[in-house]
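Make a model of the complete structure from these sequences and hints.
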Amino acid sequence: AQSVAQPEDQVNVAEGNPLTVKCTYSVSGNPYLFWYVQYPNRGLQFLLKYITGDNLVKGSYGFEAEFNKSQTSFHLKKPSALVSDSALYFCAVRGFSGGYQKVTFGTGTKLQVIP
Amino acid sequence: DTEVTQTPKHLVMGMTNKKSLKCEQHMGHRAMYWYKQKAKKPPELMFVYSYEKLSINESVPSRFSPECPNSSLLNLHLHALQPEDSALYLCASSHDPGQTMNTEAFFGQGTRLTVV
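Read top to bottom, the protein sequences are chains X and E. The numbering of the first sequence is the numbering used here, which starts it at 115 and goes up by one. The numbering of the second sequence is the numbering used here, which starts it at 608 and goes up by one.
None of these hints come from the bench; they were simulated from the model. Don't take every hint at face value.
[Unchecked claim] So the derived list for chain X, only partly shown, Cβ under 10 Å to chain E, looks like this:
id, residue
1, V118
2, D123
3, Y146
4, R156
5, A206
6, K216
7, V217
[As the list claims (entries may be wrong)] Straight-line distance between alpha carbons at most 25 Å, and here's what the computed PhoX-like set of lysine-lysine pairs gives:
id, chain 1, residue 1, chain 2, residue 2
8, E, K647, X, K191
9, X, K216, E, K648
10, E, K647, X, K216
11, X, K136, E, K645
12, X, K163, X, K216
13, E, K643, E, K616
14, E, K648, X, K163
15, X, K136, E, K648
16, E, K660, X, K216
17, X, K136, E, K647
18, E, K647, X, K163
19, E, K645, X, K224
20, X, K224, E, K647
21, X, K216, E, K645
22, X, K191, E, K648
23, X, K224, E, K648
24, E, K643, X, K224
25, X, K172, X, K136
Here a beta-carbon is modelled for each residue, glycine too, at the ideal position from N, C-alpha and C.
This is how it looks when you write it as structure tokens:
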């Protein structure tokens, strides 16, 4: 069975500092990994994905993620945090489960950027 | 147009009411999804439609009834709901419901449902 772990319920970072939101995964076969962001009372917005190729993936709003196969991790990063980055972030893995494609989300990490 | 539109944004219904949630996309996506999301929790998959046919039902109670009238529309019919069904209901779509797994999903803003 596939799974995603986001070990931190909340991450606090000062505005202008670099941020990291952690994600580890478990899946059979090649991993297809995604990051989504959710603002209050809104749907999820796609940020970036890893399919194959470069381990450093660049996405929307200045975010990037580093894929590490040996550590089965896909951490989300940004060099300089903005207050407007404060939101709930979900890591997700897509794979086959029970005979069909399924997307499994992590439990989410609340990012709080402090002015 | 890269949007998934959901209506209504908010809905309050009694336990004996019948109501419907609507979802629309014009991106040509052939996979559409309903998710349920409780506060501060990840979305939980309810249904998947692939080429307008129901392909996945994640053991959802029959008081939730999905419908896909055409490739752009997805409805969720609600009847005799319970207070614990109160949640944010999210619709999503993606390009390819087939075997490729590298496509991301586009989500609507959701319908905030309260059952009283």
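Are any of the numbered hints broken by this structure? If so, which, sorted upward? none
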